[in-house]
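Residue numbers (our numbering), protein chains in the order written: chain A, 2 to 434; chain B, 2 to 434; chain C, 2 to 434; chain D, 288 to 369; chain E, 288 to 369; chain F, 288 to 369.
Calculated from the structure, these hints are not laboratory results. Some clues are possibly wrong.
[Stated by the list, open to error] No farther apart than 27 angstroms at their CA atoms in a straight line, the calculated lysine-lysine pairs in the BS3-like style are these:
hint: 1; chain 1: A; residue 1: K434; chain 2: B; residue 2: K34
hint: 2; chain 1: C; residue 1: K256; chain 2: E; residue 2: K298
hint: 3; chain 1: A; residue 1: K256; chain 2: A; residue 2: K365
hint: 4; chain 1: B; residue 1: K306; chain 2: A; residue 2: K306
hint: 5; chain 1: E; residue 1: K298; chain 2: C; residue 2: K434
hint: 6; chain 1: C; residue 1: K34; chain 2: B; residue 2: K434
hint: 7; chain 1: C; residue 1: K94; chain 2: F; residue 2: K298
hint: 8; chain 1: B; residue 1: K434; chain 2: A; residue 2: K265
hint: 9; chain 1: C; residue 1: K268; chain 2: A; residue 2: K94
hint: 10; chain 1: A; residue 1: K160; chain 2: A; residue 2: K400
Note that the structure is predicted; figures quoted are calculated from it, not measured.
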Amino acid sequence: MKKMILQLLLVLSLGTYLCASDGIKENKNQEYKSKSVSELFGSLYESTGLNAFLSPKEGEVSHGVVVSTFNQSGGRLIMMAICFALFYLAIAKGFEPLLLIPIAFGGFLANIPIADIAGPEGFLGILFNMGVSTGLFPLLIFMGVGAMTDFGPLLANPKTALLGGAAQFGIFGTIVGAAFLSQYTGFIDFSLKEAAAIGIIGGADGPTSIFVASRLAPDLLGAIAVAAYSYMALVPIIQPPIMRALTTKEERQIKMEQLREVSKLEKILFPITVMVLCVLLLPDATPLVGALAFGNFVKESGVAKRLSETMENSLINIVTIFLGLSVGSKLASEKFLVPETLGIIVLGLVAFAMGTAGGVIMAKIMNKFSKHKVNPLIGSAGVSAVPMAARVSNKEGMKENPSNMLLMHAMGPNVAGVIGSAVAAGILLSIFK
Amino acid sequence: MKKMILQLLLVLSLGTYLCASDGIKENKNQEYKSKSVSELFGSLYESTGLNAFLSPKEGEVSHGVVVSTFNQSGGRLIMMAICFALFYLAIAKGFEPLLLIPIAFGGFLANIPIADIAGPEGFLGILFNMGVSTGLFPLLIFMGVGAMTDFGPLLANPKTALLGGAAQFGIFGTIVGAAFLSQYTGFIDFSLKEAAAIGIIGGADGPTSIFVASRLAPDLLGAIAVAAYSYMALVPIIQPPIMRALTTKEERQIKMEQLREVSKLEKILFPITVMVLCVLLLPDATPLVGALAFGNFVKESGVAKRLSETMENSLINIVTIFLGLSVGSKLASEKFLVPETLGIIVLGLVAFAMGTAGGVIMAKIMNKFSKHKVNPLIGSAGVSAVPMAARVSNKEGMKENPSNMLLMHAMGPNVAGVIGSAVAAGILLSIFK
Amino acid sequence: MKKMILQLLLVLSLGTYLCASDGIKENKNQEYKSKSVSELFGSLYESTGLNAFLSPKEGEVSHGVVVSTFNQSGGRLIMMAICFALFYLAIAKGFEPLLLIPIAFGGFLANIPIADIAGPEGFLGILFNMGVSTGLFPLLIFMGVGAMTDFGPLLANPKTALLGGAAQFGIFGTIVGAAFLSQYTGFIDFSLKEAAAIGIIGGADGPTSIFVASRLAPDLLGAIAVAAYSYMALVPIIQPPIMRALTTKEERQIKMEQLREVSKLEKILFPITVMVLCVLLLPDATPLVGALAFGNFVKESGVAKRLSETMENSLINIVTIFLGLSVGSKLASEKFLVPETLGIIVLGLVAFAMGTAGGVIMAKIMNKFSKHKVNPLIGSAGVSAVPMAARVSNKEGMKENPSNMLLMHAMGPNVAGVIGSAVAAGILLSIFK
Amino acid sequence: MEINLIAESVKFLILGMSTVFMFLVLMVFVLELQSKIIMKFFPPKKEEDSTACNSTSELSRNGNLAVVAAIAASLKSYKQSK
Amino acid sequence: MEINLIAESVKFLILGMSTVFMFLVLMVFVLELQSKIIMKFFPPKKEEDSTACNSTSELSRNGNLAVVAAIAASLKSYKQSK
Amino acid sequence: MEINLIAESVKFLILGMSTVFMFLVLMVFVLELQSKIIMKFFPPKKEEDSTACNSTSELSRNGNLAVVAAIAASLKSYKQSK
Ligand code: NA
Ligand code: NA
Ligand code: NA
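Work the whole structure out from these sequences, hints included.
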């Protein structure tokens, strides 16, 4: 082996000898200015985070915008504390860890002074421009979601889709709420576009929220995404009181007929049918619905397992990492620590509550007009937050009657809610086009 | 947990209070023009697909070009019908589903009015520019193909490579055919570049066809890719009649000697040897041949299993999804519904037929000059369409003599056909450079 | 099936008929100039690699720079021979095949005349610009490394981290060596930036070296990466003589106490702790340390297995392929066959030797001041080269006393060396910002 | 011109909810129609055998054929020993 | 101005090594402190059961439950035959 | 200048087919030479043991060692019971 290396060196020497004439000595260090050791330590200290926190500079530019001195020091520390709190919630409490961990880590990185990791040349900024600005990442996630979702329960009982429609009241009601806040509070001022982006939190669907927010209100993206995922994780706490308040004990005990079996052909045709409707009525929703339908179609076709398995495994995992980190880059203090964030957090909760109520009330209305009774507890599953909300419906149902399994019935409105939110997203995008 | 959230809100309130002075109220809705409810419904109706199909507008721009009113309405519907037909063929008939499903879905998305999904800002357009315009996707697929291909049968009997050479007659003969159509029909007019891109269909190799077409005739890419994959799926129907017409019963019964074992070292050296020849004779083919050789070299080296397994699994799957969707974006009606497409479909069939004939006749010629007889049925495998064409050879052979297994013998010309087509692609790219 | 295809053709005919009026015949071949057959063969010969090697042209531009006639012919052949030598070392000798095979193949492709595969429009050039210029690829690799690394042994005995610090003497000592060569030899002339990029070879960490070199001295990237990975593979040959020379038999026989168990919480907190320190002291190191910490945090959190498994499998494998090929593109003769390369090869060896010595001597110093004795053989593991250097420590220890297992003790400085190099990288990047 | 945010957003509410419902009602209608057509013209066949097949194919997809073979062999040798 | 490369690089050496050590010494200090705090306030529970679980969960993650079932069945039938 | 498309394309046919054949004939020649050299100077060793190994290594790559262990155990306990 040593001989081999010697030979390699020999060959190299030969090569270098032959072209040594190219190596004209010149002063290559013109940019560099000599410094004494103490100057070096001094300028190293100036580039520490400690110094950046302790002596923020007026007019400092970070991520392409001027950052106030508060946001350079205390603001960043508050943001880091918030990211640590998100880590805690994700790990110890199990809050949507697959997305909150990357988002919070991205947020932590974005608040590091000097490094400018979320700036246009930092790696978070590059990921953001590559996949979030273009809308690519949320759509790829949606493909994977499509490849993982079984629309069977919806096909077995299509009318439960209406519950998934009513739950979209969370979206549009929240827009009104945001407008209200802007009109009547002194310090929060959302534009209509921003209000719409906030409302979409009520869709309880991460990729939809991110897709819409990246188009209508990119600066609020971080807060919207964090709110959406946090409240999705909080669904087991937010929904039950509302569900119980709006239903009677008898209603909660309604038993539903067993779902019929759904044929393979129906499942294959479903994504195409939804797409056709979407093309005819609302082309602006077709990127989102199309991605979902593509994933589901590949899965149900059954002839391209390689692709559907990739979509629901390596592809969605890779994109989740990139998307989470990119979204986190919008948690930089100068973007997050604005009064609007407080509004977003309050409105996000309102959105989930209204969506839940919408679904439950719709179920009660349907029961007035139909002899096939629907247990109103499955109405709350219409907000999406798949499959958490459906599990909550099931759990609440079993509290009243341990033998009443609502899970599969709740999956119908649950997946319909995904489609409903994508349609709502299409409407909002269409309004502001 | 509630306490935690309250604290979080508290921290936020503090933060927002501290910088509340930033929130100066201003009119953020300047772009937005108020509309009445009926106006809103009206403009929503105007942005439905229904309206777009029913009242196409003169001068409408889609995907960056002006689209005729026919292509805005009936044209798009025809294309969608074609995409559905492709779905049917892929799922029910098993026509190359791994690529035809993504291509046809991409085609369906590309023909949705208003959404402009295949435009430069739509996600299909972004994928196309990222991976097809740059040539990256077909090369990555070729890496995976290399990592999946065993060149052993070719190494065991190298002279069968000549069959894979003769089958390239499909490529060059078709170029003459395309020129013929352009010269003598009134409504089809291919340039020489386009004729070359069409000819490459005869290579019976998806990535090669896409790579060449994306360079020589990007507007024909959709039709070329669909033709290439469709005819590859039709190989079991197209080839047998030609094979039987050109051979006698005795020829079809020729038994070939068993293949010798090939050593690991030969397999490792093979990709390097091919590369060296390619560098010396035809550097323009080195991107394609290089990608194939890289995948194969990593596989045969046996010391980087992680990488070769990734190339033949997650990487090729992810790229297949992206490539299929991107290629489908060229099935937009304004690009596909041109007289040239009809020519491409006819010529593609001609290309496969000529390639098949070329391979079979070459085998018969070789038998005239060699005492080691070759069963001419394996000649047809020279068109590539790996491994379908080799299976067809095997099946036809077994029809004459059930004990005559030709599969491994046919794999030699089959994989040689891949190299032959890549070389032919290099020649065409070199001519038009 | 035939019927179906006929129908498809019919539909197409209809479509094409309807818009046939679009097809106005025009001369589409204006660019093309007719050539006779012999002219065609002539120009084909001119575009062969044979011709390019035999008759290099003055002023030929490749990869965006003018290439000397030597580098067009003999230079490229020498480079190809070097790449083949690297193949041999990777396959037959097991030298870091996961990276050296892609790098050497990339180098081979980059030296192909005419094809310009490493140029801005070639696929290697595209990959390079996408992932190496932006710094994305080495960071993604580092995420994967983080997800694969167990920092337990370091946490069990934190003071061994100092050994990983002392080994960074390899980096800074080599910078001095590079400056020395520039000052006192006639034909090697490194700028300070280049000296720093070369020094980082002593970090014995591939991604760190590539990240720093792509920022400080992109033209030297190929030589630096090849040197880094080659010497990492040579660690079992380079280190033992130095280790034995600097230690006594008694020292080599020191037995260390068994490592205590480390709790899950410590492991989860570790990446966060390192990040906080890094933010406070050296934000310029946070991209590298952050990527490593992210991967490790996701792994140790235990709640996002999907993501950590993706990072340490498909994602790192895909990126390794791309990174290797991209880095190889800098092995083009005009970039590699310069006198500086010889300097890099010599200095790289010096760097590893100094790092090894630094670690061993530090261990001896620590033993002077502490009653918990450290076996100085684990000091050499501080250079990183995970886990090879730790295995070397173990093997040398067992030579003296077959019952003395040092592996786990050596893993502490080994992983600390990764952090140490990332910190050193941050310092260098900070100096030249 | 100052825009009344609340008025506008209430309009969005009306537009949005009615469009979402229109979409979903139409979808429910089409799905039920489609289901009836499929049940009538393409009734699903019994697929018990295919599911049995499926679990085997799932094993083989994971490349565990060797394991399956080992189990089979172990069972077989056990049976022979009886 | 001509720069003395060696002088500069020696300065880098001093700056670099002292910063690297400062960082790592601080890290060692914080890690030891942290370890003590964790040991005191969050002592790790015995995790024997969880590790036993783990190896099973690892199997199931690979989707090999069918294999495990087969083995279990084969063992069971063996035991019954005794 | 009007170009005769057919004449041009026939030229391409001649150029293309002859180049493809030249390439492949040369390849056949080199491969046969190479094969002879390899057979003479680097004859392949018997690799039976290595293939046996391989199938095991394939199993272990899939992380199925636990399964293998279980099978081994089941076989062993079976043998002991004889
Ligand atoms: Na929803
Ligand atoms: Na071919
Ligand atoms: Na290191």
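May I ask which of the numbered hints given earlier this structure violates, with the numbers listed in increasing order?
Violated hints: 2, 7, 8; rest satisfied.
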